[in-house]
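Q: Sequence:
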Amino acid sequence: MKNFLLRFNKAVRKGIKKTKIKLHSKCGKWKGYRPINLFGRELKLSLDSQMFGHLNLKMPVGLSKSDIVQYADYVQFRSIVQCMDDLSVEKKPVFVDVGAYHGLYVVMIGSILKEKGGVSLRLSPIKKTFQF
Numbered sequence: 004m005k006n007f008l009l010r011f012n013k014a015v016r017k018g019i020k021k022t023k024i025k026l027h028s029k030c031g032k033w034k035g036y037r038p039i040n041l042f043g044r045e046l047k048l049s050l051d052s053q054m055f056g057h058l059n060l061k062m063p064v065g066l067s068k069s070d071i072v073q074y075a076d077y078v079q080f081r082s083i084v085q086c087m088d089d090l091s092v093e094k095k096p097v098f099v100d101v102g103a104y105h106g107l108y109v110v111m112i113g114s115i116l117k118e119k120g121g122v123s124l125r126l127s128p129i130k131k132t133f134q135f
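Anchor point for the sequence shown: position 29 equals 32 in our numbering, and the numbering is continuous, going up by one each time.
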């Protein structure tokens, strides 16, 4: 009986959540923006935006913050590399890394852009490494 009640409770909460999301979406269309609560801050996003569509994702259990940051860096860099690979040679792409600390992204992305005739620039805010 306890398992049934837990599953029932979970199903009810999921149904309420879906209804709330649908109402929220309709409300946003009437207002002309998509209201969102992000980490306790109320924001108004464009109706066309797809950002923060998965706010209810749970943090992985058993991983340290460092592991999660490393994985996020990997996912971010992988998407950048895929984007660079999709660029055409005719456009001669330019990549600017503002706030580069070690410049690792620029070195790796620079090698990809070099094949396409593009360039990469690195701007670092640290005085001893500030350079183009």
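Mixed in with the good hints there might be a few duds.
[Unchecked claim] Pairs of lysine to any residue residues, derived as SDA-like cross-links and limited to a Cα-Cα distance of at most 25 angstroms, are as follows:
id, residue 1, residue 2
1, Lys117, Val72
2, Lys20, Asp51
3, Lys21, Gly35
4, Lys95, Leu116
5, Lys21, Tyr36
6, Lys95, Tyr108
7, Lys95, Ser82
8, Lys13, Leu50
9, Lys117, Lys68
10, Lys47, Val64
11, Lys119, Asp51
12, Lys117, Ile71
13, Lys21, Lys68
14, Lys68, Tyr36
15, Lys119, Met87
16, Lys119, Leu90
17, Lys94, Lys68
18, Lys13, Asp51
19, Lys94, Tyr74
20, Lys94, Asp70
21, Lys94, Ala75
22, Lys119, Lys68
Simulated from the structure, these hints should not be mistaken for laboratory data.
Q: Hint by hint, say whether it matches the structure.
A: Each hint, compared with the structure:
no., hint, in the structure
1, Lys117 to Val72, "violated, 29 angstroms"
2, Lys20 to Asp51, "holds, 22 angstroms"
3, Lys21 to Gly35, "holds, 21 angstroms"
4, Lys95 to Leu116, "holds, 8 angstroms"
5, Lys21 to Tyr36, "holds, 19 angstroms"
6, Lys95 to Tyr108, "holds, 18 angstroms"
7, Lys95 to Ser82, "holds, 19 angstroms"
8, Lys13 to Leu50, "violated, 29 angstroms"
9, Lys117 to Lys68, "violated, 35 angstroms"
10, Lys47 to Val64, "violated, 31 angstroms"
11, Lys119 to Asp51, "violated, 32 angstroms"
12, Lys117 to Ile71, "violated, 31 angstroms"
13, Lys21 to Lys68, "violated, 30 angstroms"
14, Lys68 to Tyr36, "violated, 33 angstroms"
15, Lys119 to Met87, "holds, 9 angstroms"
16, Lys119 to Leu90, "holds, 8 angstroms"
17, Lys94 to Lys68, "violated, 39 angstroms"
18, Lys13 to Asp51, "violated, 31 angstroms"
19, Lys94 to Tyr74, "violated, 31 angstroms"
20, Lys94 to Asp70, "violated, 37 angstroms"
21, Lys94 to Ala75, "violated, 29 angstroms"
22, Lys119 to Lys68, "violated, 36 angstroms"
In summary, the numbered hints that this structure violates are 1, 8, 9, 10, 11, 12, 13, 14, 17, 18, 19, 20, 21 and 22.
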